[in-house]
Amino acid sequence: MVTAREFNHVLLDVEDVSLSFGGVTALENVSFDVRQREIRAIIGPNGAGKSSMLNVINGFYHPQAGTITYKGNARKQVKTHEAAAQGIARTFQNIALFKSMTTLDNIMTGRNLKMRKNFLLQVFYLGPARREEMEHRQAAERVIDFLEIQAIRKTPVGQLPYGLQKRVELGRALAAEPELLLLDEPMAGMNTEEKEDMCRFILDVNDEFGTTIVLIEHDMSVVMDISDRVVVLDYGRKIADGTPDEVRTKPEVIDAYLGVAH
Amino acid sequence: MNDPQVSPAADSLTSDTLDTFPKLLLERAKRDSARPAIREKDYGIWQTWTWGQVEQEVRALACGLAAKGFERGDKLAIIGDNRPRLYWSMCAAQCLGGIPVPMYQDAVAVELRYVVEHAEVRFAIAEDQEQVDKLLAIKDSCPKLEMIIYDDRRGLRNYTQEYLYDCEDIQKLGRDFDANHPGFFLDQANTGRGGDVSVILYTSGTTGNPKGVVLTYDNVVISARNGIKFDKLHQDDEVLAYLPMAWVGDHVYSYGESYVAGFCVSCPESSATVLTDLREIGPTYFFAPPRIYESILTTVMIRMEDAGWLKRKMFHYFMNVARDIGGNILDRKSVMLRKRILYWIGNLLVYGPLRNTLGFSRIRVAYTAGEAIGSDIFDFYRSLGINVKQLYGQTEAAVFVTMQPDGQVKPDTVGTPAPEVEIKITDNGEVMYRSPGVFQEYYKDSEATAATKTPDGWVHTGDAGFLDEDGHLKIIDRAKDVGKLNGGSMFAPKYVENKLKFFPYIKEAVAFGDHRDYVTAFLNIDLEAVGNWAERRHIPYASYQELAARKEVYDLLQDCVEKVNHDLAQDSQLASSQIQRFLSLHKELDADDGELTRTRKVRRGFMADKYEKLINALYSNDKHCEIETEVTFEDGRKGSIRADLEIRDVSLNPIAAAAN
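As they're listed, the protein sequences go chains A and B. The first sequence begins at 1 in my numbering and counts up one residue at a time. The second sequence begins at 1 in my numbering and counts up one residue at a time.
It is worth saying that the hints were derived from the structure and are not from the lab. Every value quoted in this text rests on a predicted model; they were computed, and no experiment measured them. Ideal Cβ positions, reconstructed from N, Cα and C, are used throughout, including at glycine. Please note: incorrect hints may appear among the correct ones.
Said to hold, decoys possible - DMTMM-like mimics (lysine to aspartate or glutamate), calculated; alpha carbons at most 25 Å apart, straight line:
no., chain 1, residue 1, chain 2, residue 2
1, B, LYS172, B, GLU71
2, A, LYS195, B, ASP635
3, B, LYS638, A, GLU193
4, B, LYS638, A, ASP225
5, B, LYS587, B, ASP635
6, B, LYS638, A, ASP197
As the list claims (entries may be wrong) - According to the in silico footprint, chain B covers these stretches of chain A (three or more CB under 8 Å from chain B):
no., stretch
7, 135-148
8, 202-210
Take these sequences, add in the hints, and give me the full structure.
Take a look at the structure:
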């Protein structure tokens with residue numbers, strides 16, 4: 001169990017964030033913090049605003065109100081590539097890989113922001129660019145080794161089963177060596193064995209690289225097993241926040257998930 | 001033969017003073033310090049260690065073990081995939097006068113416990129977290145087990161057991177120990193003698209608990225030398241080490257022969273990448289059980305069916321040419337010039353590229369052993385110009401009993417006696433042999449030893465067979481499995497099963513008939529082959545169980561069974577063994593459920609008990625049978641599956657000779 005772990009340093013602080021699309025309120029005055037090195041879960045029923053919350057964190061959506069403080073810097077608006085440059089990487093609910101590219105190439109794209117050599121050098125594959133490419137390839141290979149996907153290194157991802165594509169997507173995010181990793185339903189649509197594998201990888205990433213992880217997940221048992229703390233959203237509002245054990249027993253959470261008896 | 005200067009095996013170490021692996025390693029490090037000894041693909045790149053480096057690694061590991069209290073006669077259990085460090089640990093234990101006990105990496109905890117306890121293992125080295133977890137699970141019930149060393153630290157960061165060590169730390173400790181005790185290592189490494197025990201290999205065995213086969217250095221080293229001489233192996237050969245380290249074949253090929261002949265062994269990146277690694281390494285000397293050849297052939301056939309019209313035509317045309325004359329060309333028999341030219345063109349267009357895709361371009365010698373191989377499969381490889389040969393061996397013989405010499409390859413025999421091996425057939429048809437490789441004893445089991453090995457060194461193989469007119473051995477079945485039908489005719493289940501298994505759609509078959517009126521069979525479909533077949537015909541299925549039970553699949557299987565019956569009817573001896581009824585099992589037979597041994601041989605007694613209900617149904621008039629079966633998942637949990645299986649009747653062919 002991971003409940004006994006202590007985290008003090010706040011990496012990301014979300015304060016009073018509200019987001020709406022026209023008349024639809026996706027998030028309403030949501031506040032919570034993410035501490036360095038912890039695994040933080042955001043759960044809630046369908047339409048609770050979980051994905052919107054992730055999109056706000058990595059700058060894809062801009063909230064109408066509230067502030068987000070990442071590594072001590074408050075920001076109101078940030079662009080996605082700036083968030084990435086600051087060490088935030090993510091995966092998507094509906095896999096967003098380049099289907100006709102190989103696993104290795106997809107993972108290499110995760111190194112994109114770390115490529116420093118200019119375009120011309122890269123086009124002609126000259127000395128410095130070549131050396132750099134080798135470094136990035138090494139980093140990509142470390143990820144491949146870590147996720148145990150050597151056998152599909154040269155396979156176009158479009159041909160892979162769903163569970164493996166999810167793993168490749170995690171690989172691409174890891175290749176960016178993020179400090180904060182956002183996972184949008186990493187276990188959705190997987191069978192039990194694939195889920196167990198994915199859980200192990202998430203725990204290992206957190207353990208080996210010290211990566212802080214924010215994950216959205218439907219599967220309650222998974223969340224309760226691997227998270228340090230959990231935020232529960234319902235209709236865009238935060239209804240609970242705490243350790244899995246604290247959250248599990250809250251009547252509001254039970255109501256939101258199981259429906260209220262009338 | 002007595003002229004080592006011109007023999008291709010001249011770079012082999014055959015001196016009688018080099019009678020143990022530690023001594024062989026020291027000599028290799030001196031002579032071939034900069035030549036590659038072992039490779040492993042890691043982070044996508046083949047990493048190489050030279051003989052000089054291997055000596056350093058083994059030395060550090062041995063000294064580290066010594067610093068931790070490893071003594072002469074101690075056992076070192078080794079468990080994991082083929083990894084350089086695990087091979088080094090074998091030699092490190094031997095340097096200290098210890099005995100390595102390699103174990104099957106897919107064994108579950110209970111199986112490990114038996115071996116660890118029985119062999120009185122004090123030290124164990126495990127590949128990774130998975131194996132460490134299994135050892136930790138049995139640690140409490142194995143009081144003699146003191147220390148667990150691991151190779152890959154991934155996921156083990158938070159394990160706090162004080163008896164758990166990182167292999168690198170042990171080696172670091174060893175380097176310090178070595179510096180403080182100069183002379184210790186060489187002294188220890190040179191102490192062993194050829195007659196000392198070098199390894200204990202536990203055989204999976206089709207009945208009861210595994211038995212520990214005790215082999216001496218002489219057994220392994222002399223067998224390795226004979227194998228090298230027989231196939232003219234030398235330093236430049238390339239071998240892929242991908243079969244279980246606990247299996248005698250791997251021990252002799254990847255370890256014994258590598259040290260004696262000095263060739264380099266390559267360890268695949270992971271078990272899932274073996275076929276890719278095979279292509280990259282392009283071994284010259286290759287070893288595989290029939291199922292590997294089968295699955296490669298199945299893959300080729302599936303891929304060819306998906307290929308374009310022209311390629312498919314070309315492939316089939318030239319494969320017909322190859323089937324016609326390829327084997328003769330390989331055996332250097334005379335072939336008409338016109339056909340020779342055709343084969344040459346085929347080689348350019350089909351055989352060469354195909355060999356290259358499979359990673360078989362450079363193969364000089366390839367062996368198949370363990371089970372009978374289908375003549376179709378065997379001929380396929382030989383006709384492509386790949387020198388696949390059969391070998392008949394046993395753990396108790398340090399592998400070699402008989403093997404097919406180049407140019408004398410017959411698909412239905414297993415060849416002539418290997419060098420220095422004597423063969424005789426007992427009155428009841430059992431094959432016996434005597435050789436320098438013959439094991440010392442079953443560890444702590446004098447009763448079993450006495451039952452298997454005679455005082456003058458002859459070993460019972462338990463296989464029924466005979467020598468043909470050219471002195472080639474032909475194996476029919478396990479001696480104890482050959483039974484009789486109620487009608488009085490002979491029933492050799494394995495013979496029937498092999499005929500069935502030679503169809504790509506059938507992965508496993510179990511035939512019944514001893515003391516019965518007629519023969520019946522359980523069939524296991526090959527998920528890949530049948531799955532592909534089903535997709536092509538737009539037959540939907542969601543699981544193995546569903547596919548196996550489909551009417552269309554039953555029709556397909558019935559077709560195969562009918563062809564087998566047709567074959568059997570040709571032989572008056574075997575015509576009564578035609579299969580009358582069969583069913584397609586709802587689950588794959590699995591070693592985890594005890595149905596197969598770790599080397600994938602059917603455990604008949606167990607099957608007969610577990611599936612008694614199905615067997616009874618096969619011998620009734622029922623058209624179907626319900627069954628609930630317990631299954632073990634990979635992580636050891638148990639579950640059950642329920643199914644209602646159809647039973648099919650098959651038409652029989654009239655017996656060819658006898659008028660009815």
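Take the C-alpha atoms of LYS172 (chain B) and GLU71 (chain B), compute the straight-line distance between them, and say whether it is at most 25 Å. holds (19 Å)
Satisfaction of hint between ASP635 (chain B) and LYS587 (chain B), Cα-Cα up to 25 Å: holds (18 Å)
Regarding the pair LYS638 (chain B) and GLU193 (chain A), is the alpha-carbon distance no greater than 25 Å? holds (14 Å)
Keeping to a limit of 25 Å between CA atoms, is the pair of LYS638 (chain B) and ASP225 (chain A) held or broken? holds (22 Å)
Does ASP635 (chain B) lie within 25 Å of LYS195 (chain A) when you go C-alpha to C-alpha? The hint holds at about 14 Å.
Establish whether the coverage given for the stretch 135-148 of chain A by chain B is satisfied; the threshold is a Cβ-Cβ distance below 8 Å, and no fewer than three residues must meet it. Since three or more residues must qualify, the claim that chain B covers the stretch 135-148 of chain A holds, with 8 doing so at under 8 Å.
Take the stretch 202-210 of chain A, compare each residue's beta carbon with every beta carbon of chain B, and decide whether three or more fall closer than 8 Å. holds (count 3)
So if I understand the rule, the pair passes when the alpha-carbon distance is 25 Å or less; does LYS638 (chain B) with ASP197 (chain A) pass? Satisfied, since the Cα-Cα distance of roughly 19 Å is no more than 25 Å.
Of the numbered hints stated above, none is contradicted by the structure.
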